[in-house]
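*Asks:* Protein chains in written order, with this note's numbering: chain A, 1364 to 1520; chain B, 1364 to 1520.
The hints are simulated quantities; they were obtained by calculation from the structure and are not laboratory data. Check each hint, because a few of them may be wrong.
A pair holds if it fits inside one copy or across any two, identical chains being indistinguishable in the list.
Below, simulated DSBU-like cross-link-like pairs (lysine-lysine); rule was C-alpha separation at most 35 angstroms, straight line [claimed, not checked]:
(1) Lys1513 x Lys1415
(2) Lys1415 x Lys1480
(3) Lys1406 x Lys1513
(4) Lys1513 x Lys1418
(5) Lys1418 x Lys1480
(6) Lys1497 x Lys1415
(7) Lys1502 x Lys1415
There are 2 protein chains.
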Amino acid sequence: MSEAALVITEDDPVLESDFAIEMVRQMRAIDTYGTYDDWHVSKILEPFVLTKEMKREIPIVGDPDEIVMARVKAFYHGIATMIEKECGLMAVPLLNLSHEGFGRVIITVGKLLVMDKTLRDVHRFGFPSLSKMKDEADKLLSVALEIIGKHSDVAGM
Amino acid sequence: MSEAALVITEDDPVLESDFAIEMVRQMRAIDTYGTYDDWHVSKILEPFVLTKEMKREIPIVGDPDEIVMARVKAFYHGIATMIEKECGLMAVPLLNLSHEGFGRVIITVGKLLVMDKTLRDVHRFGFPSLSKMKDEADKLLSVALEIIGKHSDVAGM
């Protein structure tokens, strides 16, 4: 895919961020056959980026395949890992997706719900760019950490 | 199933409890074709009861079918509804089951996790008797209400 190769450049500074490193780790974790072993990190994270043009080519209604589902999982597992690193408490993600690509994803820390998101059109899961993806992750992370800070007693339960 | 007919008697006092009434409502909600319409409530709740003898006949390893999955869902949705009735706040259940019958079920009220249970061997889901089933539900309910009482600020978020 020559057009997709342009989506993330190899020298993108975002690739050096903790978030991108964690996402690469998540993707490698589900790469059973070691396909990514000699790939550049920009290529590993490429499927997360869906530009407007690419999105337009995907039908509005559709069932997500296993690969997209795994990618959605990887993203939220990555967020959970980053929450865990920041607050030092175990963060557990839980996804519930129907085969039609609708569902809900939550992350809990102790008895506290630190993230709660409704998912729609999962077959079109992706971000306009890598930095937009990082922005989204940072937003989720900061909201989660704020809730944990306010209700640390419940998070520690 | 003549042997199964003995599992819950028609005059079982538990059938009059709020819990049993709610469970019947949950079962009717998933009864798309109105099969249960002229069934006695004892027959509707029968599949929830698995005596030791019945359990022994089910293989230890097995994949749960859609019907068992729906029953597990009905049980925890019933619990969520009862929590909601008691505390006046919306309780949302979330189930994540693998096709092998392992998973996790949670119920959240606001930002508070009021129930968190790991599920195993879902293909053998059932209770030794109707009153044991009610005991389990009552236990989950009282634990949930206790947490809500203690952390009503988080539950109200």
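*Asks:* Which hints, by number, does the structure contradict?
*Replies:* 1, 3 and 4
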